[in-house]
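Construct all of the structure, not just a fragment, from the sequences and the given hints.
If you read the sequence shown in our numbering, its first letter stands for residue 88, the second for the next number, and so on.
Keep in mind that the hints were calculated from the coordinates and are not lab data.
There could be a bad hint or two in this list.
Claimed, not checked - Below, in silico cross-link-like pairs of lysine-lysine (DSSO-like), each with a Cα-Cα straight-line distance of 30 Å or less:
id, residue 1, residue 2
1, K229, K241
2, K409, K270
3, K187, K175
4, K378, K235
5, K216, K197
6, K187, K171
7, K333, K241
8, K409, K229
9, K216, K187
10, K409, K137
11, K171, K139
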Amino acid sequence: MMKPLLVLMLGTLLSATAHAEDHAVQSISPDRLVINGVEATLGLSQEWVKPKPQIQRVVIVIHGRLRNAPTYLRSIERAANQSKQRQKTLLISPQFLDEKDIVAHHLPEKILHWHENNWMAGDTAVGPKPISSFVVLDHILKRLSDSKLFPNLKEIVIAGHSSGAQVVQRYAILGGREDALLKKEGIHLRYVIANSSSYAYLDAQRPLPVTAATCPSFNDWKYGLNKLPFYAGQQTPAVIEQNYVKRDITYLLGQLDTDPNHPALDKSCGAEAQGSSRLNRGQNYFEYLQKRHPEGTSQHLVVVPGVGHNGDAIFTSPEGQKALFTPL
88 MMKPLLVLML GTLLSATAHA EDHAVQSISP DRLVINGVEA TLGLSQEWVK
138 PKPQIQRVVI VIHGRLRNAP TYLRSIERAA NQSKQRQKTL LISPQFLDEK
188 DIVAHHLPEK ILHWHENNWM AGDTAVGPKP ISSFVVLDHI LKRLSDSKLF
238 PNLKEIVIAG HSSGAQVVQR YAILGGREDA LLKKEGIHLR YVIANSSSYA
288 YLDAQRPLPV TAATCPSFND WKYGLNKLPF YAGQQTPAVI EQNYVKRDIT
338 YLLGQLDTDP NHPALDKSCG AEAQGSSRLN RGQNYFEYLQ KRHPEGTSQH
388 LVVVPGVGHN GDAIFTSPEG QKALFTPL
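Given below as structure tokens:
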């Protein structure tokens with residue numbers, strides 16, 4: 088049972104304001120994933136080198152703009168413990184490091200790192216190789232699809248809160264490189280997007296009035312499908328939308344995440360056109376999808392009562408636990 092003081096500390100860390108992102112992270116995740124001769128950092132709840140026949144579900148949780156992956160891993164471990172799903176669940180928390188993190192912690196040159204927050208949109212690392220943050224997720228999924236390592240794996244959940252939710256939503260939009268392999272192995276892939284500050288829209292329609300004259304970048308990636316990153320390849324907007332609405336996605340929104348002046352809220356004109364607060368923006372986006380696809384989608388929205396912009400609170404809530412650890 089986690090003590091109240093530690094719970095408060097976790098909640099504070101997961102809802103910390105943006106000024107801390109100007110500094111190097113305090114902790115570097117201890118595990119490594121080799122990708123084309125370089126290494127991505129990540130945290131694991133248990134090693135994944137030897138076969139894991141007991142693992143039936145994997146939850147991949149994406150950190151926020153503070154890059155505090157170890158904090159998110161502890162939070163998701165707590166949620167797993169409360170749901171009584173810990174023994175058959177592997178928890179993974181990738182860490183997308185900044186240039187300043189490499190310098191501050193004297194890390195070797197082979198460690199992947201990005202410039203500022205570019206990892207949020209799937210941009211390529213600035214060193215040591217131009218590998219997209221989305222490619223890191225692809226490689227994690229590819230490893231998990233190895234039936235020799237995970238013979239009984241049934242489900243993978245990719246979850247994120249705040250800026251991490253932005254990553255998850257954009258990856259769900261553009262990803263899918265490993266979908267066929269996962270399907271072949273009988274592994275279901277779900278996404279949980281919690282309290283995202285903004286969303287990638289599928290056309291130029293927005294909840295609030297906006298034009299290219301007043302906001303030239305409102306429909307550019309990461310807010311829209313113009314000027315897509317290299318990772319997108321040759322996908323057309325029509326194909327992107329067709330794939331996206333088929334994805335199993337839960338939008339988790341804190342009922343109290345309504346502050347239009349929250350210090351970590353995206354206040355760019357592209358984000359402001361989506362609504363006044365994270366709750367408002369999430370509800371607007373879900374309504375937008377419903378209007379575009381009245382026949383229905385594989386997605387649903389859940390508002391978590393009494394929760395604001397707090398990742399620990401939203402993931403450990405009954406609604407969050409159900410979204411992450413629905414019985415298989």
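**OP:** Could you grab the alpha-carbon distance between K409 and K137 and see if it respects the 30 Å cut-off?
**Re:** It holds: about 29 Å lies between the C-alpha atoms, which stays within 30 Å.
Subject >> 30 Å Cα cutoff - pair K216, K197 >> reply: Given pair K216, K197 holds - Cα atoms ~9 Å apart, limit 30 Å.
Subject >> 30 Å limit on alpha-carbon distance, applied to hinted pair K378 and K235 >> reply: violated (43 Å)
Original post:
CA of K409 to CA of K229, is that 30 Å or under?
Top reply: Answer holds: K409 to K229 is near 26 Å, not above 30 Å.
**OP:** For the pair supplied as a hint, K229 and K241, confirm whether the alpha-carbon distance does not exceed 30 Å.
**Re:** Distance ~14 Å between K229 and K241 Cα, so the pair holds.
Subject >> Pairwise hint evaluation, K175 against K187, where the allowed Cα distance is 30 Å at most >> reply: The given pair, whose Cα atoms are some 36 Å apart, is violated under the 30 Å limit.
Original post:
Under the criterion that the straight-line Cα-Cα distance not exceed 30 Å, is the pair K409, K270 satisfied?
Top reply: holds (23 Å)
Original post:
Going straight from one Cα to the other, do K216 and K187 come out at no more than 30 Å?
Top reply: holds (17 Å)
Original post:
Has the given pair, K171 with K139, been kept, meaning a C-alpha gap of at most 30 Å?
Top reply: holds (18 Å)
Subject >> Hint consistency between K187 and K171 [alpha-carbon to alpha-carbon, up to 30 Å] >> reply: violated (38 Å)
**OP:** Assess, step by step, whether the Cα of K333 is no farther than 30 Å from the Cα of K241, and give holds or violated.
**Re:** Measuring from Cα to Cα gives roughly 19 Å; hence the hint holds.
In summary, the structure is inconsistent with hints 3, 4 and 6 from the numbered list given earlier, while agreeing with the others.
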